[in-house]
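A.B. asks: Turn these sequences into a full structure, and let the hints steer you where they fit.
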Amino acid sequence: MPRDVRILNTGSLLELSRRLRAAGGENIRQSMHRRIRRAAEPLRDDLQSAMRGLHISSPGRSVRGGPSPTSRPLRATIADAVRISVRTGSAPGATVWVDKGRLPPDLKRMPDVLNDGRVRHPVFGNRRRWVTQWASPPWWDTTVRQHTPRMEREVARVLDDVRRRLE
Numbered sequence: 001m002p003r004d005v006r007i008l009n010t011g012s013l014l015e016l017s018r019r020l021r022a023a024g025g026e027n028i029r030q031s032m033h034r035r036i037r038r039a040a041e042p043l044r045d046d047l048q049s050a051m052r053g054l055h056i057s058s059p060g061r062s063v064r065g066g067p068s069p070t071s072r073p074l075r076a077t078i079a080d081a082v083r084i085s086v087r088t089g090s091a092p093g094a095t096v097w098v099d100k101g102r103l104p105p106d107l108k109r110m111p112d113v114l115n116d117g118r119v120r121h122p123v124f125g126n127r128r129r130w131v132t133q134w135a136s137p138p139w140w141d142t143t144v145r146q147h148t149p150r151m152e153r154e155v156a157r158v159l160d161d162v163r164r165r166l167e
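With the first letter of the sequence shown counted as 1, position 53 gets the number 53 in our numbering; the numbers rise by one all the way through.
These aren't lab readings, by the way, just hints derived from the structure by calculation.
One or more hints might be untrue.
Simulated crosslink set (DMTMM-like; lysine to aspartate or glutamate; CA at most 20 Å straight-line) [as the list claims (entries may be wrong)]:
hint : residue 1 : residue 2
1    : Lys-100   : Asp-80
2    : Lys-100   : Asp-116
3    : Lys-100   : Asp-141
4    : Lys-100   : Asp-112
Computed from a predicted model, the values in this text were never measured in an experiment.
C.D. replies: Have a look at this one:
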């Protein structure tokens, strides 16, 4: 699974960033930053909903198990770690990623594992008894693929608007 999603057209963004600095257009820079963030927010929101609604099944067992021995819900914890970062300086662009620093140590690899579809773990922490569960579909890849064309169009429109304002 890609660790993050980057929407950038480096040449255009770098050129505009330089022109913004030269023109001293702080309002234009803030507007560009805000609009690029707004273009990435639907992706973040859909990634969070895809994670919260992710179906994880265990073959061979039709009755649901008991309550979780932990107080933190897996899907909500991972969904809350999805972040957006927008930069308009020397490395301009937008990045949507899972912030592993916001996950507990034992869940740092879980977004990648769930995207792969196969989760193997001990039953209630008993290392002598393991179970395999399946998650479908790949929550990250599918959602990113659906949003990429729209985000690219939005960022291109923002860049065109900023270019027009600078001329």
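A.B. asks: Against the earlier hints, flag every one the structure doesn't satisfy and list their numbers going up.
C.D. replies: Violated hints: none at all, because every hint is consistent with the structure.
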